[in-house]
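Number of protein chains: 2
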Amino acid sequence: MAKSEKYAVGVDLGGTNIKIGIVSQKGRVLEKLSLNSKAEGGPEKVVKQIKTGIKEILSGNKKKIRGIGIGAPGVVSTKKGTVENPPNFPGWTKVNLGNIIKKEFDINCYVENDANAAAIGEMIFGSGKKYNSFVMITLGTGVGGGIILNRKLYRGEIGAAGEVGHITINYNGPRCNCGSYGCIEAYVGNNYLISKVKSDLIVSPNQKILKLVNNDLNLLTPLIIQKAAEDGDTFSKAVISEMGEQIGAALASVSNLLDVGTFIIGGGVSGFGKPLFFAINKSLVARVIASLRNRVKVLPSKLKNEAGIKGASALVFYKS
Amino acid sequence: MAKSEKYAVGVDLGGTNIKIGIVSQKGRVLEKLSLNSKAEGGPEKVVKQIKTGIKEILSGNKKKIRGIGIGAPGVVSTKKGTVENPPNFPGWTKVNLGNIIKKEFDINCYVENDANAAAIGEMIFGSGKKYNSFVMITLGTGVGGGIILNRKLYRGEIGAAGEVGHITINYNGPRCNCGSYGCIEAYVGNNYLISKVKSDLIVSPNQKILKLVNNDLNLLTPLIIQKAAEDGDTFSKAVISEMGEQIGAALASVSNLLDVGTFIIGGGVSGFGKPLFFAINKSLVARVIASLRNRVKVLPSKLKNEAGIKGASALVFYKS
Chain A
17 MAKSEKYAVG VDLGGTNIKI GIVSQKGRVL EKLSLNSKAE GGPEKVVKQI KTGIKEILSG
77 NKKKIRGIGI GAPGVVSTKK GTVENPPNFP GWTKVNLGNI IKKEFDINCY VENDANAAAI
137 GEMIFGSGKK YNSFVMITLG TGVGGGIILN RKLYRGEIGA AGEVGHITIN YNGPRCNCGS
197 YGCIEAYVGN NYLISKVKSD LIVSPNQKIL KLVNNDLNLL TPLIIQKAAE DGDTFSKAVI
257 SEMGEQIGAA LASVSNLLDV GTFIIGGGVS GFGKPLFFAI NKSLVARVIA SLRNRVKVLP
317 SKLKNEAGIK GASALVFYKS
Chain B
17 MAKSEKYAVG VDLGGTNIKI GIVSQKGRVL EKLSLNSKAE GGPEKVVKQI KTGIKEILSG
77 NKKKIRGIGI GAPGVVSTKK GTVENPPNFP GWTKVNLGNI IKKEFDINCY VENDANAAAI
137 GEMIFGSGKK YNSFVMITLG TGVGGGIILN RKLYRGEIGA AGEVGHITIN YNGPRCNCGS
197 YGCIEAYVGN NYLISKVKSD LIVSPNQKIL KLVNNDLNLL TPLIIQKAAE DGDTFSKAVI
257 SEMGEQIGAA LASVSNLLDV GTFIIGGGVS GFGKPLFFAI NKSLVARVIA SLRNRVKVLP
317 SKLKNEAGIK GASALVFYKS
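Chains as they are written, first to last, in this note's numbering: chain A, 17 to 336; chain B, 17 to 336.
Excised from the complex, chain A in its bound form:
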């Protein structure tokens, strides 16, 4: 161990799992653990889980820890360290998670929205290392985002900036759960995507996919579509290519507005890999204004599975 290397604890607070790890300043995960979130138990239960988890991971640790970073869903006030109305956490209105953890462990604690933490993670450890400005997009159940401008997280008026998922690509398009229409999330968010593909498959059955799901379309997942596409299935390839076109259209709006050319894409659905990235890039290049055409690039996230823990720990290295 190099004497000068610094360490931090990263906490990735999710509705399904709470992941906690010790991460070095170089982005190496030394230890990690995962707990099933007892979100239904309300904030007290969850806070207790976080405390227990941090104690557990610190027991036996001999590294000097610089601080604790927490990536949480919902609107986060980084100054106060509060987390407000995180989706999938019932009974949780506003909790001062930062103060609670700081007091408990007598160490600096930094709280940030999880999508923003992911962007900071990519800037500190990942694909964003060498870019001054970029927009991070996370493709999963939802479509999240974080904006880095001149090596700083852009948070907006109340810290809610970066909602790339709720950029509309068709103002008369499908209803989105945010209340608007045609948001990119309403096209490529996991559930929307699967439900659209299912209804297409009911109209025109596809033997390759039906085989992969044992004739039960309820088993359809993005991974199944990916497998079928890799096997050469034309329908599945078209699904991925259309997704790319749609994502590229949303990113072109972002690029034209912000004059930022670099995008980093992570999250489950980005597992569609090269064909998806190819399609996003093609659509983006075709749609941005001339002065951006040679500057746009779409990069895959580097942090992958440990993005949550690394992003949260990066808050410590970013802010201290």
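Bear in mind the hints are in silico, worked out from the structure with no lab data behind them. Be a bit skeptical, because a hint or two may be false.
Copies of the same chain look alike in the list, so a pair counts if it works inside one copy or between any two.
[As the list claims (entries may be wrong)] List time: in silico DSS-like cross-link candidates among lysine-lysine, alpha-carbon distance up to 30 Å:
{"hint": "1", "residue 1": "LYS313", "residue 2": "LYS95"}
{"hint": "2", "residue 1": "LYS168", "residue 2": "LYS145"}
{"hint": "3", "residue 1": "LYS96", "residue 2": "LYS145"}
{"hint": "4", "residue 1": "LYS145", "residue 2": "LYS95"}
{"hint": "5", "residue 1": "LYS67", "residue 2": "LYS146"}
{"hint": "6", "residue 1": "LYS212", "residue 2": "LYS335"}
Given the structure is predicted, the values throughout are model-derived calculations rather than measurements.
Got chain A sorted already, so can you dock chain B onto it with the hints?
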């Protein structure tokens, strides 16, 4: 005249007219003149016109001038003072307008993109005075924009930020002259709007409008639509209301991305007045994410006809 009041020269470089004025720090226009742009004569001719115009307006002036501000179309490097490829200025690749004017008059000269200058003008003199952050939109032949974040102009990577007009609201929508599809400009930019309304009127003739244009649809302008709407014409009202819905959809994307709630709208078409603002606001409120719903507001520009000169002169007060 108060001893402490400061003055600046503002130059609004347009493809049709070059407008020049002396403006006080409070936004009062002391003197102004307008020249027909001789854009077809190339940059040398235009630069000569600017010089002559400034000399003219300064002759007899006894106020101490703090500097000269120039709002120009195209991509502007504020550091270097260069103006690159301004649309409607043939033969103009890159001209260091800032240096030329600075040398000629031995005074500070600030050059900025015209849409950005308009945003700075609203911040210093107009509807943006009391807002930390807002997005300015100019509705005219094109749809331009400027982004103010924490009382500073946000310029992006090369100064091309704020292209609100090229946010798509329908990725399969009408072709835009930027090369993309369904940009808000391709719906509400003057020419697109008029051509769409014309073709609707050919299919379903409208007596009120036909009367206003003496049966010649080539005379159709936004002003005619406005007049017909004010006379209670249902079709014209619907045109304005649809425009508002479309603009609101684009602004919702901006708001969700930037977490900025305040919009200021200027330019010719914003003359549609209250019905348009009502429709934009309704669409915007319905479409933004929950955390923005109570914060969004759409304000008319205060600078109106003198927006160009005032915005350009505001560059001096903003930067010096």
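Status of the hints after comparison with the structure:
Taking the closest pair of Cα atoms, LYS313 and LYS95 come within 30 Å of each other only across two copies (26 Å); inside a single copy the shortest separation is 33 Å, beyond that limit. In this homomeric assembly, LYS168 and LYS145 come within 30 Å of each other (Cα to Cα) both inside a single copy, at 12 Å, and across copies, at 26 Å. Within a single copy, LYS96 and LYS145 get their C-alpha atoms as close as 28 Å, and across copies as close as 28 Å, so both meet the 30 Å cut-off. In this assembly of identical chains, the alpha carbons of LYS145 and LYS95 lie at most 30 Å apart whether taken from the same copy (25 Å) or from different copies (26 Å).
Neither within a single protomer nor between protomers do LYS67 and LYS146 lie at most 30 Å apart by alpha-carbon distance, with minima of 35 Å and 43 Å respectively. In this assembly of identical chains, the alpha carbons of LYS212 and LYS335 never lie at most 30 Å apart, being 42 Å within a copy and 52 Å across copies at closest.
When each numbered hint is compared with the structure, violations occur for hints 5, 6.
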